[in-house]
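There are 2 protein chains.
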Amino acid sequence: MEKLIIIGSGPAGHAAAIYAWRADLKPLMFEGFYAAGVAAGGQLTTTTDVENYPWYVSIGGIELMEKMREQSLHCGARIETKTVDKVDFSTRPFKVFVGDEVHEAQSVIVSTGATAKRMGVPGEEKFWQKGISACAVCDGALPIFRDQPIVVVGGGDVACEEALHMTKFGSRVTMLVRRDEMRASKAMQERVKNNQKITIMWHTELVEALGEDTLQQVKIVNNQTQEESMIEAKGLFYAIGHTPNTAFLENQVELDASGYIKTQPGTTKTSVEGVFAAGDVQDHVYRQAVTSAGTGCMAALDAERWLGEQE
Amino acid sequence: MEKLIIIGSGPAGHAAAIYAWRADLKPLMFEGFYAAGVAAGGQLTTTTDVENYPWYVSIGGIELMEKMREQSLHCGARIETKTVDKVDFSTRPFKVFVGDEVHEAQSVIVSTGATAKRMGVPGEEKFWQKGISACAVCDGALPIFRDQPIVVVGGGDVACEEALHMTKFGSRVTMLVRRDEMRASKAMQERVKNNQKITIMWHTELVEALGEDTLQQVKIVNNQTQEESMIEAKGLFYAIGHTPNTAFLENQVELDASGYIKTQPGTTKTSVEGVFAAGDVQDHVYRQAVTSAGTGCMAALDAERWLGEQE
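Chains as they are written, first to last, in my numbering: chain A, 1 to 311; chain B, 1 to 311.
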């Protein structure tokens with residue numbers, strides 16, 4: 001029987017592991033084996049330079065995740081490179097199913113993150129993080145985008161926000177919107193439409209990403225006329241949403257309409273007592289490495305307090 | 001006119017500076033000049049080894065704060081080593097008063113932290129962080145406390161929590177309680193009283209901290225009989241509360257009963273639109289470097305969004 005099982009191995013999971021160890025909870029972490037199609041360590045492993053994690057002026061995404069893992073191991077956390085298939089939170093101890101194994105735990109921290117949706121167009125793989133990104137707030141300030149033409153795909157609030165964010169860095173920003181209207185709030189649409197650096201292309205879809213070492217152009221199509229054209233783009237930002245990695249929970253904790261785990265604001269408590277959630281799996285607003293790490297720490301402290309109350 | 005002024009220079013302030021720079025808000029930070037009696041950088045500068053900041057396996061408190069400052073400067077933040085005396089949030093732009101200077105800002109992040117209360121007994125200065133600490137969650141797992149006698153001063157919930165936390169590491173824990181009752185909740189009192197590793201000494205006050213290179217003993221007094229005695233203590237934890245550094249705000253943002261800034265849970269928004277709060281100045285629950293940094297990041301993103309809405 002474990003005191004604490006941590007599911008997920010991004011910044012939230014590893015911050016939880018460090019604090020859980022310090023609270024003598026001897027955590028067991030399932031870091032996943034290409035869970036949700038991403039390597040252990042999560043979304044940061046798909047990033048090249050991280051310049052906004054306090055306090056590394058610049059560090060590679062994979063290198064940062066290696067440091068996290070190393071510190072968790074140094075702390076005594078046990079890490080298994082396996083993916084959790086399902087859970088049973090209906091009775092305590094909780095059950096965590098991993099292949100043929102069943103692990104029991106007094107408490108669980110879910111920090112399985114979210115995965116940015118991709119388009120799957122030709123060139124996407126090649127130019128991922130070489131011009132293509134799913135997070136303008138994370139990557140927008142990189143030098144390669146300064147005074148360069150930028151393309152943002154999407155028509156929701158996040159797409160508008162990313163487009164507005166990129167007007168601070170790019171020479172101009174083109175938004176590709178599939179329909180003749182946006183899902184974004186009226187206020188956000190107004191801000192985008194009133195910004196002289198932003199051009200909205202309606203009925204327009206991405207077809208291909210092109211370039212040499214880095215992205216140079218995108219091919220687009222008008223989905224009414226089927227007319228294709230090329231536009232210059234040193235940056236291509238996907239803002240078509242994220243998928244929170246909560247399918248394995250089978251609705252045993254309360255989720256919001258988009259599938260994110262609901263937590264009591266200001267805490268990491270879920271709808272199930274003894275189950276805590278940290279990181280992007282419960283946050284579609286901030287979604288940064290350091291905010292995830294902060295909630296990971298909170299989850300470990302919340303778990304420690306809760307376990308203490310059960311004694 | 002500044003877009004953003006950041007008041008305070010702990011993890012929250014510097015994380016805010018990094019993210020604010022990346023949002024092109026060109027932040028101006030007042031890091032303070034021994035504000036609230038603590039050096040710029042805040043409470044971490046009074047700590048020796050930090051082993052729970054992700055992802056440094058071990059780093060000195062002062063060294064960590066130097067790295068924070070370095071990254072903020074690298075990002076282009078302007079840092080002034082001056083203490084903010086007062087603010088005027090009644091009209092926009094907000095005014096920030098620093099000696100004879102008045103600075104105007106469209107938005108403000110308050111991250112002035114909190115200061116642990118001290119007893120002021122002989123030996124306290126000498127053994128601070130050499131056995132004496134104000135945070136068991138931060139320092140309790142250090143090797144010097146393993147299987148050693150521990151003393152905790154205080155009778156509130158935090159004192160009980162610190163005592164219980166230290167039972168995981170120390171050989172025994174003695175709580176010094178000034179009166180014949182505790183302020184702590186019934187449930188916490190029960191947990192402390194039922195823990196065989198904890199001894200509660202009622203009507204007892206700390207008189208002096210003694211030792212050689214590190215703390216070895218504390219002198220205590222029974223405040224009814226005036227009888228003094230010595231007890232072994234390799235660790236001495238103060239849990240007599242913190243003072244949030246909010247006096248200079250003169251109640252212009254809503255505070256809770258203990259003087260902490262109230263924020264909308266899950267955000268850093270204060271009662272004044274355009275004024276955001278991050279770090280320990282608004283958090284008396286988690287109070288860790290990484291949770292502070294997380295809320296600092298949130299504050300910068302909240303400020304960016306809010307400023308965008310005002311355009």
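Think of the hints as simulated: they come from the structure by calculation, not from any bench.
Be a bit skeptical, because a hint or two may be false.
Given that identical chains are not distinguished, each listed pair holds provided it fits within a single copy or across any two copies.
[Unchecked claim] Listed below are the simulated DSS-like cross-link pairs for lysine-lysine, each with C-alpha atoms no more than 30 angstroms apart in a straight line:
id	residue 1	residue 2
1	K86	K234
2	K130	K262
3	K86	K67
4	K269	K95
5	K67	K186
6	K234	K26
7	K117	K3
8	K95	K130
9	K67	K130
10	K186	K168
11	K168	K3
12	K126	K269
13	K26	K197
14	K130	K26
15	K130	K269
16	K126	K86
Against the structure, the hints:
With identical chains, the CA atoms of K86 and K234 are never at most 30 angstroms apart, being 41 angstroms at best within one copy and 46 angstroms at best between copies. Taking identical chains as interchangeable, the C-alpha atoms of K130 and K262 are never at most 30 angstroms apart, the minima being 34 angstroms within one chain and 42 angstroms between chains. Taking identical chains as interchangeable, the C-alpha atoms of K86 and K67 lie at most 30 angstroms apart only when both belong to the same chain, with a minimum of 28 angstroms there against 41 angstroms between chains. With identical chains, the CA atoms of K269 and K95 are at most 30 angstroms apart within one copy only, with a shortest distance of 18 angstroms there and 38 angstroms across copies.
For the identical chains of this complex, K67 and K186 are neighbours neither inside a copy (43 angstroms) nor across copies (42 angstroms), given an alpha-carbon limit of 30 angstroms. With identical chains, the CA atoms of K234 and K26 are at most 30 angstroms apart between copies only, with a shortest distance of 24 angstroms across copies and 47 angstroms within one. In this homomeric assembly, K117 and K3 never come within 30 angstroms of each other (Cα to Cα): the closest approach is 34 angstroms inside a single copy and 34 angstroms across copies. Within a single copy, K95 and K130 get their C-alpha atoms no closer than 42 angstroms, and across copies no closer than 43 angstroms, so neither meets the 30 angstroms cut-off.
For the identical chains of this complex, K67 and K130 are neighbours both inside a copy (23 angstroms) and across copies (28 angstroms), given an alpha-carbon limit of 30 angstroms. Proximity of K186 to K168 under the C-alpha cut-off of 30 angstroms is restricted to the intra-copy arrangement: shortest distance 22 angstroms within a copy versus 54 angstroms between copies. Taking CA atoms no more than 30 angstroms apart as the test, K168 paired with K3 passes between copies only; the shortest distance there is 14 angstroms, against 48 angstroms inside one copy. Taking CA atoms no more than 30 angstroms apart as the test, K126 paired with K269 passes in neither setting, with 40 angstroms inside one copy and 41 angstroms between copies.
In this assembly of identical chains, the alpha carbons of K26 and K197 lie at most 30 angstroms apart only when taken from different copies (20 angstroms versus 53 angstroms within one copy). Proximity of K130 and K26 under a CA criterion of 30 angstroms is satisfied inter-copy only: 27 angstroms between copies versus 40 angstroms inside one chain copy. Proximity of K130 and K269 under a CA criterion of 30 angstroms is satisfied in neither setting, with 38 angstroms inside one chain copy and 35 angstroms between copies. Taking the closest pair of Cα atoms, K126 and K86 never come within 30 angstroms of each other, the shortest separation being 34 angstroms inside a single copy and 53 angstroms across copies.
Checked against the numbered hints given earlier, the structure breaks hints 1, 2, 5, 7, 8, 12, 15, 16 and satisfies all the rest.
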